[in-house]
Structures are given as structure tokens and as C-alpha cells.
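Asks: Sequence:
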Amino acid sequence: MTKNLLFLLVILLGFQSSYSQKKVIEHLQDWDNQKMYWGFYLGVNKKDYKISYKMDDVYIRSEATPGFNVGLIGDLKLHNNISLRLEPGLSSNTKKLFFTHIPGGEKDSVRTLNSTYLRIPLLLKFSTNRFRNIRPYVVGGVSYDYNFSSNEDNPDDNFEGEFRMKKNNFTYEIGVGIDIYLYYFVFSPSIRGVFAINNELVRDHTANSPWTGPIDYFGTRGVFLKLAFH
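Mapping of the sequence shown onto this note's numbering: position 71 corresponds to residue 71, and the numbering continues sequentially without gaps.
Derived by calculation from the structure, the hints in this document are not laboratory data.
Take the hints with a grain of salt, since some may be wrong.
[Unchecked claim] In silico DMTMM-like links for lysine to aspartate or glutamate, alpha-carbon gap of 20 Å or less: (1) Lys-96 - Asp-108; (2) Lys-96 - Glu-106; (3) Lys-96 - Asp-204; (4) Lys-166 - Glu-152; (5) Lys-95 - Glu-160; (6) Lys-95 - Glu-106; (7) Lys-107 - Asp-156; (8) Lys-96 - Glu-160; (9) Lys-50 - Glu-63; (10) Lys-96 - Glu-152; (11) Lys-166 - Asp-204; (12) Lys-50 - Asp-204; (13) Lys-46 - Glu-63; (14) Lys-54 - Asp-216; (15) Lys-166 - Asp-153.
[Unchecked claim] Listed next, with one range per pair, are the computed distances between beta-carbon atoms: (16) Ala-207 - Gly-161: 15 to 23 Å; (17) Lys-46 - Pro-155: 29 to 37 Å; (18) Trp-38 - Pro-155: 39 to 47 Å; (19) Phe-170 - Trp-38: 19 to 27 Å; (20) Glu-160 - Met-55: 20 to 28 Å; (21) Asn-198 - Leu-78: 25 to 33 Å; (22) Phe-68 - His-101: 31 to 39 Å; (23) Asp-153 - Gly-213: 18 to 26 Å; (24) His-79 - Asp-57: 51 to 59 Å; (25) Leu-122 - Lys-46: 21 to 29 Å; (26) Trp-38 - Ile-197: 26 to 34 Å.
Model, not experiment: these values are computed from the prediction.
Cβ coordinates follow ideal geometry from the N, Cα and C atoms, glycine included.
Starting from the given sequences, assemble the full structure and let the hints guide the process.
Replies: Structure below.
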């Protein structure tokens, strides 16, 4: 995760260096004088789970497929280089859990989780001074995440084939990006790391369940690529 963020930062700095050698016309020169502006974003994500165990002889393998994210952006200027951002949106992807310590076929040892979240991140954005038509930034904050696919209220548990998670969750988010001032709008690609704060696991009714009994902590972690338009 850290390597991905550093790699993007190196690319952004390299882009800024080469860009500085050219004479360009500055677009949207009054853009940064706005107190507030709006936008939307599209993107992809790769989310799986951080899992810790109560015992050493248990391992649960998580496989995730790329998903999508889409949402809106509201940006409130607090300072020339600091703004408060609200980025509500939807995030969805599919994950498989392989319980390698449980014998038998896939009916018992594999669970497929199709997850759709309503995410409401509240973030602080720290930007450099604008250089011609680019402005790198870092962003970080917390998010409330509602899991539409949690199965938390389902009375069936893993003994009936249902892996359950909590509906209400909190994550923290950090990332880097760059604002690119184009002729009509600002294009802002960024990469974010997202990490669960709370334990998202809903335990089975039986305390010694082979699915949830060995788990100490179960939380989302992922990488988001966002393409924002303001």
C-alpha cells in the first residue's frame, strides 16, 4: 500500500519537473479563489480484508476482484492550502474467503461476499501552491461506511452458509493526488488507501464455530483509484 502511494508521488513530481520546462497558459486562474466548489468522481477499487487470529493453526485466504466506486465531492476552502472535503459515494466489489482449516468441499470452506457500501468520507486536503496548471496534494480523514450486503440481521449464520458482517462501520483514508487545471474544468486523479477501524465481523451463534470462532479481528482494507472532475 505504502509503495503504491510513494510510486504515484514520484510520478507526480516527475511530471511537475518536465512540465515546468514548457511555457503554458494558465487555465481557470480564479479557480482557487472560490470558497466552495463541487464535483464528482469515478474509479476502481481493490478491497480485501485484514484478518487476525486467536490461534496459530488457522489461515483464511481472501481473494478480491476489482470493483467500482462513484460519488460526489464538496470542497470547502479553510486556508489557501487546506480544504475540508465531503465525498459521499458508492463502492462495490466481490471477495471470496477460503477457510483452509475447514475440510470438505466449497459449501463449507468457501464464502463469497458481494459487498456494496455507502461511504461518507470527511477529509482534509493539503495542497501545495499552484504551479502553472498543476497542484499536487495529500488527503486524509475518516469515513462512515454502511454495508448494504452485511447480512447482520439474518438469523442464519455460517452453519446455513451465511457469512455475516456489521452494517455500520468506520474507516480511515489516506492518499495523494494532483489537480490538473484544464480549459473548462479541473481533473484530479488520486490514489487512496482505506483501512477499517472497527471489527466488522458478526460472529456465529455457536461460540466454537470453525468459521468465526478462530477470528480475533476482521476488517476491510483496500486501494482506491479515483478520477475526479470539478
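Asks: Please go over all the hints and tell whether each is borne out by the structure.
Replies: Structure-based check of each hint:
1. Between the alpha carbons of Lys-96 and Asp-108 the distance comes to roughly 13 Å, so the proposed pair stays at or under 20 Å and holds.
2. Restraint check: the Cα-Cα separation between Lys-96 and Glu-106 comes to about 11 Å, which is no more than 20 Å; the hinted pair holds.
3. The suggested pairing of Lys-96 with Asp-204 holds, with an alpha-carbon distance near 18 Å, which does not exceed 20 Å.
4. For the hint pairing Lys-166 with Glu-152, the CA-to-CA distance comes to about 5 Å; that is within 20 Å, so the pair holds.
5. For the hint pairing Lys-95 with Glu-160, the CA-to-CA distance comes to about 19 Å; that is within 20 Å, so the pair holds.
6. Annotation: proposed proximity of Lys-95 to Glu-106 holds, straight-line Cα distance about 14 Å (limit 20 Å).
7. The suggested pairing of Lys-107 with Asp-156 holds, with an alpha-carbon distance near 15 Å, which does not exceed 20 Å.
8. With a CA separation close to 17 Å, the supplied pair Lys-96 and Glu-160 stays within the 20 Å bound.
9. Annotation: proposed proximity of Lys-50 to Glu-63 holds, straight-line Cα distance about 12 Å (limit 20 Å).
10. The suggested pairing of Lys-96 with Glu-152 holds, with an alpha-carbon distance near 18 Å, which does not exceed 20 Å.
11. For a cut-off of 20 Å, the pair hint linking Lys-166 to Asp-204 stands: about 12 Å separates their Cα positions.
12. Straight-line distance between C-alpha atoms of Lys-50 and Asp-204 comes to about 19 Å, which keeps the hinted pair within the 20 Å bound.
13. Proposed proximity of Lys-46 and Glu-63 is supported: the alpha carbons are some 10 Å apart, at most 20 Å.
14. For the suggested pair Lys-54 and Asp-216, the alpha carbons sit about 5 Å apart, so the restraint of at most 20 Å is met.
15. Taking the CA atoms of Lys-166 and Asp-153, the gap is near 9 Å; set against the 20 Å cutoff, the hint holds.
16. A hinted range of 15 to 23 Å for the beta carbons of Ala-207 and Gly-161 is consistent with their spacing of about 19 Å.
17. For Lys-46 and Pro-155, the hinted distance range of 29 to 37 Å is satisfied, since their beta carbons lie about 32 Å from each other.
18. Distance hint check: the CB atoms of Trp-38 and Pro-155 are about 43 Å apart, consistent with the given range 39 to 47 Å.
19. In this structure, Phe-170 and Trp-38 meet the distance hint of 19 to 27 Å, their C-beta atoms being roughly 25 Å apart.
20. In this structure the hint that Glu-160 and Met-55 lie 20 to 28 Å apart at CB holds, the actual value being about 24 Å.
21. The hint said 25 to 33 Å for the Cβ distance between Asn-198 and Leu-78, and at roughly 28 Å that hint holds.
22. Under the hint 31 to 39 Å, the C-beta atoms of Phe-68 and His-101, about 33 Å apart, fit the expected range.
23. The beta-carbon spacing between Asp-153 and Gly-213, approximately 21 Å, falls within the hinted interval of 18 to 26 Å.
24. Between His-79 and Asp-57 the CB atoms are about 53 Å apart, so this pair conforms to the stated range of 51 to 59 Å.
25. Range check, Leu-122 to Lys-46: Cβ separation about 23 Å, and the 21 to 29 Å hint holds.
26. Under the hint 26 to 34 Å, the C-beta atoms of Trp-38 and Ile-197, about 28 Å apart, fit the expected range.
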